[in-house]
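First to last, the protein sequences are chains A and B. In terms of the working numbering, the first sequence is numbered consecutively and its last residue is 342. In terms of the working numbering, the second sequence is numbered consecutively and its last residue is 681.
For each label pair, taking beta carbons as the anchor points, the in silico distance ranges come out as:
(1) Lys-152(A) to His-656(B): 50 to 60 Å
(2) Leu-19(B) to Gly-35(A): 32 to 42 Å
(3) Gly-201(A) to Val-196(B): 35 to 45 Å
(4) Asn-68(A) to Ser-633(B): 47 to 57 Å
(5) Asn-295(A) to Ser-678(B): 26 to 36 Å
(6) Gly-341(A) to Phe-54(B): 35 to 45 Å
(7) Lys-222(A) to Leu-19(B): 33 to 43 Å
(8) Cys-523(B) to Gly-341(A): 25 to 35 Å
(9) Met-21(B) to Lys-337(A): 52 to 62 Å
Computed list of lysine to aspartate or glutamate pairs in EDC-like fashion (alpha-carbon distance at most 20 Å, straight line):
(10) Lys-288(A) to Asp-31(A)
(11) Lys-337(A) to Asp-255(A)
(12) Lys-224(A) to Asp-214(A)
(13) Lys-354(B) to Asp-13(B)
(14) Lys-181(A) to Glu-149(A)
(15) Lys-152(A) to Asp-242(A)
(16) Lys-288(A) to Glu-298(A)
(17) Lys-222(A) to Asp-350(B)
(18) Lys-142(A) to Asp-219(A)
(19) Lys-222(A) to Asp-242(A)
(20) Lys-320(A) to Asp-120(A)
(21) Lys-123(A) to Glu-323(A)
(22) Lys-235(A) to Glu-317(A)
(23) Lys-256(A) to Asp-334(A)
(24) Lys-235(A) to Glu-248(A)
(25) Lys-183(A) to Asp-464(B)
(26) Lys-181(A) to Glu-459(B)
(27) Lys-183(A) to Glu-459(B)
(28) Lys-354(B) to Asp-214(A)
(29) Lys-224(A) to Asp-350(B)
(30) Lys-288(A) to Asp-311(A)
(31) Lys-354(B) to Asp-219(A)
(32) Lys-154(A) to Glu-459(B)
(33) Lys-63(A) to Glu-281(A)
Selected chain B positions facing chain A (in silico; Cβ < 10 Å):
(34) Val-140
(35) Phe-142
(36) Phe-143
(37) Ser-187
(38) Gln-188
(39) Thr-198
(40) Pro-270
If you're looking for bench data, these hints aren't it; they were derived computationally from the structure. Just so we're clear, the structure is a prediction, and the values are computed from it rather than from any experiment. Ideal placement from N, C-alpha and C gives every residue a C-beta, glycine not left out.
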Amino acid sequence: MSPYRVYKLFILWFFAAIIGVAAANADPAADFYSGRQVTLIVPTGPGGGYSLYGQFLGRYLGKHIPGNPTVVVQNMPGGGGNVAADDLYNVAPNNGTTIASLFSTMTVTQALQPSGAHFDATKFGWIGSIAPMVNAVGVMQKPSPISLEDAKTKPLVIGATGKSADLYIYPRIMNALLGTKFKIVLGYDSSGAILLAMQSGEVSGMAMGLEIWDALRPDWIKRKEIAFIAQTGVKRDPQLADVPTLLELASTPQDKQVMTFLASPAVLGRVIAAPPGLPPERLATLRKAFNETMNDPEFRNTLTARGLGIDPTSGIEIAKFIEQSSATPTAVLDRTKTLLGF
Amino acid sequence: MVNVLHEAASALDVLFTPLRMGLLLSGVLFGLMAGVIPGLGGIAALALLLPFTFGMDPYSAMAILMGLAAAISHGDVIPAVLFGMPGTVGCAATVMDGYPMAKRGEAGRALGAAFSSSLIGGLIGAIILGFTIPIISPIVLFFQSPELLAVCVFGMTLAASLSGNAPMKGVVAALLGLLLSMVGEDSQSGTLRFTVGTLYLWNGIPIVPVALGIFAVPELCDIMINRRAIARDARLDLTKGQWQGWKDSASHWSLVVRTGALGAVCAMVPGIGAPVIDWIAYGHAIKTEKGAAQSFGKGDVRGVIAAESSTNAREGGSLVTTIAFGVPGQPSMAILLGAFLIQGIVPGPDMLTKHLDLTYTIVWSLTLANVFGTLICFGLANQFARLSTLRYSLLLPIVMTLVYIGAFEGQHSWGDIVALLIFGTAGWVMKRAGWPRPPLVLGFVLGKLIERYMFISVERYGWDWLTDWFVLLMFAASILSVARPLLSLRGERLWQLRALSFGRPAISVASIFASFVLVIFVCSLGIEWSWPFAAKLMPETVSLFGIVFAASLFASETFSRRISIGETRRERTTEPPGMDGEIGYGDLADREIYLRALKYFIWIYGVLLISVLIGFVPALVLSALLFMRWQGSERWPIALAVSFGLFAFLWLVFDHLVHEAWPPSLAGNIFPQLRTYSPWF
Chain A
1 MSPYRVYKLF ILWFFAAIIG VAAANADPAA DFYSGRQVTL IVPTGPGGGY SLYGQFLGRY
61 LGKHIPGNPT VVVQNMPGGG GNVAADDLYN VAPNNGTTIA SLFSTMTVTQ ALQPSGAHFD
121 ATKFGWIGSI APMVNAVGVM QKPSPISLED AKTKPLVIGA TGKSADLYIY PRIMNALLGT
181 KFKIVLGYDS SGAILLAMQS GEVSGMAMGL EIWDALRPDW IKRKEIAFIA QTGVKRDPQL
241 ADVPTLLELA STPQDKQVMT FLASPAVLGR VIAAPPGLPP ERLATLRKAF NETMNDPEFR
301 NTLTARGLGI DPTSGIEIAK FIEQSSATPT AVLDRTKTLL GF
Chain B
1 MVNVLHEAAS ALDVLFTPLR MGLLLSGVLF GLMAGVIPGL GGIAALALLL PFTFGMDPYS
61 AMAILMGLAA AISHGDVIPA VLFGMPGTVG CAATVMDGYP MAKRGEAGRA LGAAFSSSLI
121 GGLIGAIILG FTIPIISPIV LFFQSPELLA VCVFGMTLAA SLSGNAPMKG VVAALLGLLL
181 SMVGEDSQSG TLRFTVGTLY LWNGIPIVPV ALGIFAVPEL CDIMINRRAI ARDARLDLTK
241 GQWQGWKDSA SHWSLVVRTG ALGAVCAMVP GIGAPVIDWI AYGHAIKTEK GAAQSFGKGD
301 VRGVIAAESS TNAREGGSLV TTIAFGVPGQ PSMAILLGAF LIQGIVPGPD MLTKHLDLTY
361 TIVWSLTLAN VFGTLICFGL ANQFARLSTL RYSLLLPIVM TLVYIGAFEG QHSWGDIVAL
421 LIFGTAGWVM KRAGWPRPPL VLGFVLGKLI ERYMFISVER YGWDWLTDWF VLLMFAASIL
481 SVARPLLSLR GERLWQLRAL SFGRPAISVA SIFASFVLVI FVCSLGIEWS WPFAAKLMPE
541 TVSLFGIVFA ASLFASETFS RRISIGETRR ERTTEPPGMD GEIGYGDLAD REIYLRALKY
601 FIWIYGVLLI SVLIGFVPAL VLSALLFMRW QGSERWPIAL AVSFGLFAFL WLVFDHLVHE
661 AWPPSLAGNI FPQLRTYSPW F
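Bound-form chain B, shown alone (with noise of 0.2 Å):
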């Protein structure tokens, strides 16, 4: 103990020379533009910063990487909370309670509050860290293939406090999202499930256009259809709001703690990543939060401060599995892992012995980028702030072209955008039909998970793991945490079976959607029947449940005057249900909301036919500008000029830093000459 606290202490040492420090420094500059830029996630960034390293010693490579991977989950809080987009998938949760907030004007506050919470996250992550590393390989190696599924497991019934107050929306959404989870080569047999005859969908649906489209997309319809600045009405309470931010983080500290602790213990489980742990941490915060059934979801700052807090704990504990055994936790992980490799440094026993100085280096940075990060945040929050202000017919089409661009991470092909809007389109009528999304999200993250460690604990120990202790007792805690809210439902929901009345069809939004979800489960059961045994026995379980569960939602939304269980249709008109944001479009009628909602997704999905016929940036460039001058009546020169500017921005970020390899367009197919000037081609 004594020689890791002398080893803490000189890594300390070695990182405070002007250099290092200076590496962290524009690690962390680095980290932040690329969080806030959503098409510059963190690996696109940590792979462009690797070969700088090639030529330091291994603990200035450690410094500036480790800066710029704490720095990410704090630059991606600002498009969060502002636009209602997430900067990485890490952080969508944050969407949840920080976006509404903006939009009632106290986005000083929210941000404050996640800086804040996402700096004492990055510090217990750290610690955890440090203190665990030592001592971490025989915990990790405990969890085999069934822990880990009963982790899963447990982690999906968080689906039900999830879903707010419409439970069995909540529970088709997660079906819907564990069916989603199933596309792709299946690993047993080989079979291509749901992949439609394309190399896109061979490795899946990836994440990232899904958690845009779910989340971003429906927030800037409703800026479509609202016609105004995020932030209405409200007078910008920025330095203000940022401090009592800071003090709402101060008052719950026990949260704050609790999601850091949860997050980085998650992260130690290889393949529980980013895309979960924030809900984890916001589902737990449902759970033990007074009162946060009813107010989460409507900006509760309570909510930011628990998401943030794990996503920014996460990074320690990830490190822990990459350090210790060389297995990356996540995708970033993975190119620090080769940044060690290229260091001639082999992840394992070593990084406790040999290198235990550079495992502390690793520590330090972390820490030192941590606290870097929030101050810098934290000083330019309020020039980003004002951004909410700014008139729709601006902000729209810049922060569209940014999810085009970000949703184009997942695999750089036509297929991100496609998968985009599909799920934009289902993200805003599960919106308006009052269906909760997260679930959604954590049933397309777990189901491959638990398909997979299922399928590995049956293959490998036959059915005896199913009497070990740890599997029983997460499975009984699976269990009661289902059960608990089922049964505190009952009294309301038998006094509602006798309220209920059933009526003539009624035709609406929710109905349509349930019958459509519905439609997509007898479909899929279609398809996996020719499928061998181990490639159906999950998508077909799943297909079956959805089907029972779709069909009966759709009755209850058609045919009573009960909309489902807990909720009635004048709650819904009142209220709206919990995990939703805030529906509200004041006094708009119902057909002029269509109608802006149609010409918005007119709109999308014409960029994405332009762009087929030119080519991607030379469309969203052209259709930023188009859409300025015809759907927001700016002038000329205003248009010109903010499109040139897009157009700048993409040139240099996405043509000469990151050279990304943009999608072949129709004109270049029929002008191969094209390419040799350009690759937007």
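In isolation and in its complexed conformation, chain A is listed as follows (with noise of 0.2 Å):
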């Protein structure tokens, strides 16, 4: 045989192989992703929340997708989320290799600060929320305590980051609907800086995750030293099952659309997106990978054991949701932005 046959059987033999492997592997999926990467984006640095979730959902969701390819977080921080939203948008490849965990706050800061967002909310493939993210106003039951109706009558320091961030959001709208006298002091660098202001008395309370409470402070919440005073969200999150939400308290109509629109970032939670245009066919499988790793009970082990909630949304139920409250009337939306300031 000469060499240039052996050259030629070579080739063939290769092509063959390739078909042959492909026709034993039909599925299409699994032919797009075996051998690729998935790239998760992460809306902050690492360490926090939204990484440790991005975290754990990158170890498990390869094991769910067809040809189980390898999921490798990328943090993405800046501009209040807005970066990696703008990125996953904009830039990211729109073939299901790239997907991005988001702001639950995003449609929020979108209504106020418009400069910011690049991007249609609407647009993106919505593959699902693990959990969602109530919001609860916690304040310190020392030297006094303190209730709801203590917190209209007498003034409360509030610590707050900044102006668009949800710490100061939600108090600021009790002040405007609900007739509080919080005074909300702004700058301070985290969450974490506002703990410790709490504890050295500088000041009395904060907006802040429910999980982020069980997380940092329990012991703070079983010796009864915090008192949550409002949560946000639709419904009564079970653990604060006597605490009253925004939107019960609100008393009319129209204070209850502004009520509603602030609810959304507690029902988005920790919310997955793929970019926009995604061929459906992969966004079906994205969705069901992302289904099927919620239910997976190892996963749910993980998340427990650290304190982490799951309680998931479908991207089906989230993409309505977020049409829904795009579809919120700008009369409402101008209503937020003045009460709130903006």
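Two chains, two frames, a set of hints: combine them into the complex.
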């Protein structure tokens, strides 16, 4: 056999092998993902809740995507979550190899500060949400116990970071619509710094994710050194069954509209999205993999063992919810903006 | 107390298993690597390691993570001393004296002094952590916003001693730093200050590209101008030099202890992190060490000692608030906090009772990691130090690539590279015009904190806090700290005023730069005009002072025969102002200097341009290759081999280990297909 023939035979064999393998693996999704890498963008720096959820999701999601790609987590902090959302919307390849965890407050900040948002939330491919994210307004019970009614009569100092953060938005809307007299001090570096200020007596309370309260100050909750006087969301969190939601507290239909809009971050929670314009079958694959991951007992154990909540919402429902939320009338948005001082 | 000692002893026992010691050692090795490679800062390295600790028990997890955290500030000394490039932002002050020493051929001595002082500093930090943690709570809680404000203001006055003999320029540089720190979303009103419509600037300018631009880029430019290896005409005194460095640390033991303690205590204050602690210690050394005002910045080993001891003591200090309150003192601690939570450990009072053994595992890991780190560095330093004799045509493209990648650590965006280049250009001009650069960094880091704590203090306490004894004490100390050098200057100054003569305007780099800075202040004032009161209060104050000082500086640079207070033109050419490294270009003509500098800047800006077109990684490798071949006249085989090495390194470390998010290039935008093949586009 001449060397040329050997070469030709080799080429033939090579293609035959590829076709053979392809025929054996006739699943197009598996075809696409096998040997590839999926990037999961996290909208904060390493450390913190978003990063932890991202790490754990990254470890298990790959197992449930046909072809078992490796999922790598990429931190993309900045712009109050806008950098990551912007990248997912405008830059990331829309073939299903890049997905992202987005800020739950995304829809609210987009409405308040449209200059930073270069995306249309309704166009993302919504994969699902791992857990809702209820924000709870907690106040220290020392030196004297304080209830929601007390907060309406005496000024309480509430610590907050920046004006566009949820730490500010919720106490501020309570002042505007519920008659609380919170004196909101802005400028703290992080929620951790506010916890320290609460401990030293500089401030009396803060609005923060319930999960983070649970993770960082379980002893305060256990010893009843802190009380939650209100929570966000459309329904009460089981853990805070006797704490009213802001939506319940709103008295007029107009106020309820504002509170419904501001409840959307709680519903979105730990939400995962793909870029817009993803092929529908690929989005379906990712949604299915996400749902399977949420039911994976190992994944559930991993999260619950670390006090991270899991109460998933499917991508289809999230997409519906986003659709509704973005249909909020401009008048309501404008009123919200005015009430929050934007 | 007996209980505490018992727990401390049993924690050591827990740590002394082959597995945990092995993990500790691998953490140290990884940390050293991360410190040496500028692009791979501590945060990235910790984040990389974090997932591997998920399956470990808490003691093992702490062993490997603490090993890494402690070792980083051993490793980052090496590029700081050898190339004038801070390996992490925490060791910019080490560059001030370490790099001039390396240029004199004393790299070994500088490294020896750095390793030994950072070992002792690290141990001091661990000891302070170990002993204070049971009693620290009331002290940390004493520091409310007004107290923190007072501490930051005092820190700011150190800019005076960091200005060498050019106080006026120091003031303007510090004001410029303050103004730059105001960039980003204002927390009081939500105003986007100076963000020029980009998301990049929303959270402010990241410190990493600023530090690399201000300190590393100018040194690299000077290498290009001199076209020689860094350590020129000097035999390398490696092992002997290192021993000399150890002896230096021993004979300046009180400085080591003082700056170590200072570093650890400063680190306990949340917000005062790595980027300023080394400067605070350095400023302290200038004030307290004999003759330091004249010799610091020109290769005084005491400068290296002060900076390094404080830098490494920091880790222990910043762990205090992380462990006792769950409030991370610096970004790397936020990741450690994540590790705690993953292990199901809640920082706080429990760490001092239920988990005391774990707390002491951390203390011991920190201690042992320091010892291991030092020993390894001591063994390897000779190999590294040889790099400073490498010819410029190979060294420059390699180090410059690392600087680009390092800057990228800021926000992982094109903005980092733009910031690096702008600050790099400014840094070189400042160096050339005799401006002290440390006050700018000090202002940049402390400005944000001063504004934050001032607003919180006023909002929360009205003006009552001004009568607080601690605040009054710190303000008095601040006034004294600024007034003393001015008072001692008075005699000289009066003499100078008599000798001051006005003349026809003389245009120099210094006067052009002064006018440029003046324009910045004037423009900023114009931009600030329309902002809400809370957003413009601080920046406007800074701009107004900036205009006054920059205008008088410009006048004195342009019209008078004196450069500025305490500095004559004759002095400037013969003796570089303090805090400014060494300018010496040998007997190169000015024209040639500027020509070569221009070439350098065309090159580094060109890399950005090509990167935007074809992607960051391809452009870095390509430009390194072209530089070696045409600027350095290296032979093809060498140029190709080195670029291939660079490429392999970037690909392995940043694509496969870190999974870096490279910024989008034009090529990738036009052909999105490219992105499905490689993340470079």
